[in-house]
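A.B. asks: The whole structure should be built from the sequences, with the hints applied where relevant.
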Amino acid sequence: MEAILARRVHDVEAADEYLIKWANEPYSRVSWHSMDVLVNQDGGAAMRIRKFEERHPREIDKNVDFPITTLEQGGPSSGQQQPAAAVDSPRRKRSGSA
Numbered sequence: 010m011e012a013i014l015a016r017r018v019h020d021v022e023a024a025d026e027y028l029i030k031w032a033n034e035p036y037s038r039v040s041w042h043s044m045d046v047l048v049n050q051d052g053g054a055a056m057r058i059r060k061f062e063e064r065h066p067r068e069i070d071k072n073v074d075f076p077i078t079t080l081e082q083g084g085p086s087s088g089q090q091q092p093a094a095a096v097d098s099p100r101r102k103r104s105g106s107a
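For what it's worth, this note's numbering labels the leading residue of the sequence shown as 10, then goes sequentially.
Check before you lean on any hint, since a few could be wrong.
As the list claims (entries may be wrong) - Pairs of lysine to aspartate or glutamate residues, derived as EDC-like cross-links and limited to a Cα-Cα distance of at most 16 Å, are as follows:
no.: 1; residue 1: 60; residue 2: 11
no.: 2; residue 1: 30; residue 2: 11
no.: 3; residue 1: 30; residue 2: 51
These are computed hints drawn from the structure, not numbers from a lab.
C.D. replies: Here is the structure:
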């Protein structure tokens, strides 16, 4: 796992999912996974998820609907909701740049 890009919040019954950028894979191969799956695959995932949650608290605006677009679908999918962009990237801003 390289970075957690976003969180998709579901109803109370379902677990939240995280949009993952995998190491050595292009952004076209990002994928959604539940916390349970991530923790089982990557021992450091629990810490990354905790840090992501600290940086991006759960503030949900029920009136906003963001369609999900994937390369395979070629357009917005129906009935799904995408969270506002929240990026947890290892890159740092350069000092002195605008």
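A.B. asks: Let me make sure I understand: some of the numbered hints might not hold for this structure. Which ones are they, in numerical order?
C.D. replies: Per hint list: zero violations.
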